[in-house]
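Asker: Chains as they are written, first to last, in this note's numbering: chain W, 1 to 387; chain B, 1 to 387; chain L, 1 to 134; chain V, 1 to 134.
It should be emphasised that the hints constitute simulated quantities derived from the structure, not laboratory data.
Possibly wrong hints are sitting among the right ones.
Claimed, not checked - Below, a sample of chain V positions facing chain B; criterion: calculated Cβ distance under 7 angstroms:
#1 58
#2 59
#3 60
#4 62
#5 65
#6 67
#7 85
#8 86
#9 87
#10 88
#11 98
#12 100
#13 103
For every residue, glycine included, the Cβ atom is placed at its ideal position computed from N, Cα and C.
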Amino acid sequence: MREVTIVGIGQIPVSEYWTRSLRHMAHDALMAAWQDSGVEEVDTLYVGNALADELSDQKQLGALVADFIGQRGIAAARVEAGDASGALALHQAYLAVASGMYDTALVVGVEQMSAALPVEVISATARFLDQEYEATMGATLNSIFALMMRRYMYEYKVPRDAFFAFPSTAHQNAVNNPNAMFRKAIKESTYKRIAMISEPLNMFDVAPICDGAAAVMLCATDKLPVLRHDGPPPVRIAASTVATDAVAVHDRQDPLFLEAAFISSQLAYRQATLNQTDIQLFELHDSSSIMAALSLEACGLAPRGEGARAAAEGLIALDGPAPISTMGGLKARGNPAGATGIYQVVEIAQQLREETGANHISGAQAGLAQSIGGTGATAVTHILTQL
Amino acid sequence: MREVTIVGIGQIPVSEYWTRSLRHMAHDALMAAWQDSGVEEVDTLYVGNALADELSDQKQLGALVADFIGQRGIAAARVEAGDASGALALHQAYLAVASGMYDTALVVGVEQMSAALPVEVISATARFLDQEYEATMGATLNSIFALMMRRYMYEYKVPRDAFFAFPSTAHQNAVNNPNAMFRKAIKESTYKRIAMISEPLNMFDVAPICDGAAAVMLCATDKLPVLRHDGPPPVRIAASTVATDAVAVHDRQDPLFLEAAFISSQLAYRQATLNQTDIQLFELHDSSSIMAALSLEACGLAPRGEGARAAAEGLIALDGPAPISTMGGLKARGNPAGATGIYQVVEIAQQLREETGANHISGAQAGLAQSIGGTGATAVTHILTQL
Amino acid sequence: MHIAQNWRLKAQRYRLVGEVCEHCGAKIFPPRDICPNCSHSAKESFEFSGRGEVYSFSALSETAEKFQRFRPYTMALVKLEEGPLVTAQLTDVEPDKVKIGMPVEMVTRRLMEEGNEGIILYGYKFRPMLDKVA
Amino acid sequence: MHIAQNWRLKAQRYRLVGEVCEHCGAKIFPPRDICPNCSHSAKESFEFSGRGEVYSFSALSETAEKFQRFRPYTMALVKLEEGPLVTAQLTDVEPDKVKIGMPVEMVTRRLMEEGNEGIILYGYKFRPMLDKVA
Ligand SMILES: [Zn+2]
Ligand SMILES: [Zn+2]
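Please put together the full structure from these sequences, using the hints given.
Answerer: Have a look at this one:
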C-alpha cells in the first residue's frame, strides 16, 4: 500500500452564495488546492456531496465538476454519506492513490444549501436518518440530536449549560478564521435565552445552514520528488479509516455512544501507530453540541458521560489537552454538509503547516479529523502528520 | 497493485417489488453473492445507487445496508453517477481491495423506482443531465436520447428501423434469463407501430422503469487460497476503468460520439492487455437504442455511424462477432438505474462460469461490461476473464 | 409518493409487528432480515404489546415538508417493555407534562400527508398509559 | 425552490450571455470558468446573436414535474451561428413543421413553474426565424 500525501489545500469562505452555483464553488476550491500543490496533472477527482440531488436537482457531480475545471475525461466519482460525504470521498481518493492506479487525486467537498427554503433543507437532511423508522415518524435530524441530548443530561446528570462550552469555543476560534461563517464570540447569557429548535437543543447548539467548498490534492508519496520544490510542506495521511453503525439511533446498542466514531478512531490510532496523547488537535463533528460531546467520548478524549463537563472545564480550548474546532468547527465555521469533512482536513493541514495565525496549536505535529454522517451511522477518521 | 477477483455473484430478478424495500432488495442480492463466494469475513461494502434520495427519501445507504446485512461496523460507502452508479461503486471497491487496505469487499447495485409515479422517476432521472442548461430547459433523459437519435439518423442516413436490432436482440436473449423483466421476443411490426416517447424514440427503444439489486464479492487474488475450495470458479477483474465527458450533450466535442465510453474502453483494453478480438462478449449500456449504437462505436466494435446498421446485420447476436445484451441487456433484463452496472458484471461472470444455459457464448474467456451515466457523462468499463 | 413503501410497512406501523429471533430469543423491532444480536436470520413475527416508557423526548416545530400541517409535536424514544427502543411521536399529552420514565402505550394515528396526491399515512404514536395516569 | 439558482442564471437565460475566450477566441455558451477549448480561464462576457439553426429536435409529452403544465413541447439542439450548440425548446411552430437545418432565433418565454411557491421561470426558447420563413 502506497503512502499518500496531501500536497495542496483550498477552500472558499463558508457563506451564502447567491451568484455562484455548485459547480462554481467546487471549481474555486479545487483550483486553489491545485495551485497550492505543485502538481502538474490530476489523475482522478472525487466529489463529496450530500444534497445536490434535491437542493440543486443535480446528480453525476463527478463528471460535472471534472468538466467544469477543464479536466473533461478524467475518472471522477461522487460519494455520499450524509454530512460525512466529504470525508468519505477523501477516503476513496486515498484508496485510489494508495492502490497505485492513480498517482494524484483531487478531492472536493461541496454543498449548496442556502438557496433552498429551510423546510426543504430540513426535509433533505432528514434523509440522513432511517427513513422507514425515524423520518416517517416525523423525526428531523435536530430532533434526534435533541432526543440524545435530553437522555444524556438525564443519564449522566449534566446540566444543559455545560454544553455551552462547544458553541462558545467554536465561535471564539472562528473569530480568527477568514473562511468561517460566524466570526463573533457568543455569550453564555445569550446561550441561556436563545430560542429552542427542538428541546433541549437551542439555536446555538446546532451548526448553520450554509454553502461551502473545500478541496485537497493528494499525491502518492513516492511521486513527491516529481513536484516543484517551492510548494508548501506536504502533509502525510497517517490514517484514513471508516466505520458504520445502525442508521437509526433506536437500533444502536447504546444510543448515547457513537460506536462508528469509536471504531473508526481506534482503527485510525492503530493505522497511524499513535496514541491520543501523540495528537495535538482534533477536528470533531460538532454538528450539534451533543454530537461534539459524544465525539469526544468516542475518540477516547473524555470518559463516557463526561464529554460536556470536560469541555466546560477547558479540555477543548486551544491551549487545552484536546483542542477541537480550532478554526470554528462545524458550529461557527459552518457545516455545509458534504463539504464539512474536507474543511476539517484542510484546517488540520493549515495547523500542521503553521498557517493558522493566532489559532495555531503550538507544537502541532499530528491532527485528527473525524466526520460523521447524520446522527452517527457513518464515521470517517483521518490522522494527518507532518511529513 | 494487487490483483482482484470476483469470487461470488448474486442477483434478484429485475421486477417491481411492492413488499420488499431498498434495504431488503440489497440484502437479498448481497447474501446470494456472499453465500456464493466462500468468503468468511467481509471487510468493506460499496452501494451503487442513483435515486434513493428522492424516490425512497433515504441517504447514507452504505451504513444502512451494512447494518441490515448484519455487518454493522464495517466501512461502507454509497457511490453515485446516475445509472453508472453500480459500476462506479465496483470500481471503488476494486481500488479498495487493490490498495491492500481491504482484502474482501461486497458491492451491491440497488434501485427501487417502481413505487414512485412515472413523473417522479422522469423528474429524478432528469438530474442525470446538466440541470442548469438541459433539465431547466425542459429536457428529460429520453428527450436527449431522442435528439441524439434524430441527428444520428440524419447525419449517417440511418433508417429508424435499423435500431430495431437492439430491442429485438435484447428481448430475444432475455427469454432464457430468469432474472430478466421482459422474457418475450418482440416483433418488428410491433416496433414500427408502438407509441413514441420522444420522437423518434419509441417505447421499445428505451429500458423500463423497474427495481433490482445485484451484487458481487471481491477478494484479493493473493488471498484466494484462504477460501473454501468447493466454490464456483473465480473470475479475474482484468481491467476497471473510468472516464468522463461533459454532462450536457451540447457541450461535447461531437454530440454523436461517446468520448467517455471511448476513453474508458481504450484504458480497459490497455489495462487488460487485450484487443477487442480477444473478448467474446460485451455488455453495453443499451439504456436506449441510440446509446447501444453509440456504445458499439465508442468501444471500437463498429465504425462511426455504422453501429445501428452493423447491429441489424447480425454484429450483436449471440453467435455474432460482438454479442451484447446476452442476458437481455438494460432493455429487456431491465435498467434499475444504480443496479444496472452490477447486473452486467454478474452476467459476464455467469458467462465465464458457463451458467448461462442456452445463451452461453461458446468459448467465452473474456467479457467486457460498460456502464454509462445518463447520456454519456460517466463511463465505467470492466473486463473480466477466467482466472 | 411512495405509496408502495407505505403499504409495505403496514403491519409494523399499525400493529408494531416485529420479530423474535429463533436463535437467541431477542425481540426485534423494527423487523429485519438478520438478527442484530446474534446474526442469524430472523423470520418469526412477533407482535409487541405496545406498552413501554419514555426514554427521551423533544418538542419541535421545525419539521420536514410532509409534517408541516401537524406541528408542533413531540418526538420520543420509547422503550418497549419487551426491550427495543422505538422512535415515535407522543400524542394526547402536552410536552411540559412529559417525563422520562413515563409509562406510555401505542395508538394508531395520522402521521403525515404525502404532498401531491394528498395520501394520508397512519402509524403508531404513543400516549400516556391511561390506567397509570388515572 | 431554487430561487437563487434561477436568479443567478438570468443573464444567460434572458440574453444568451456567454463568453469569448481571450486566449483562443472560442465563443462559449453556456459560460464556464475555464475555456473547454484551450483550458485557459474564460472571463470575458459575450452576448450571442440568438440566431442559429435546428441541429436536432424531438416532440415529447412525458415531462418532469415542473413542466407538466406546458406539455407537449418540442426540445431541440440549436446550433448558434457563432458555433456552440444549445439545448432549448422550440416555440411558435408545430413539431411536424420542424426540420433539421431550419433557421431559428431566440425569444424569451416562460420555461416552467416551480411547485410550491408557484414561481415562474423565464428563459430562452427558439422560434422559426421570421424573415426567412416569410
Ligand atoms: Zn438472534
Ligand atoms: Zn480558449
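Asker: Output the indices of the hints that this structure fails to meet, ascending.
Answerer: 11, 13
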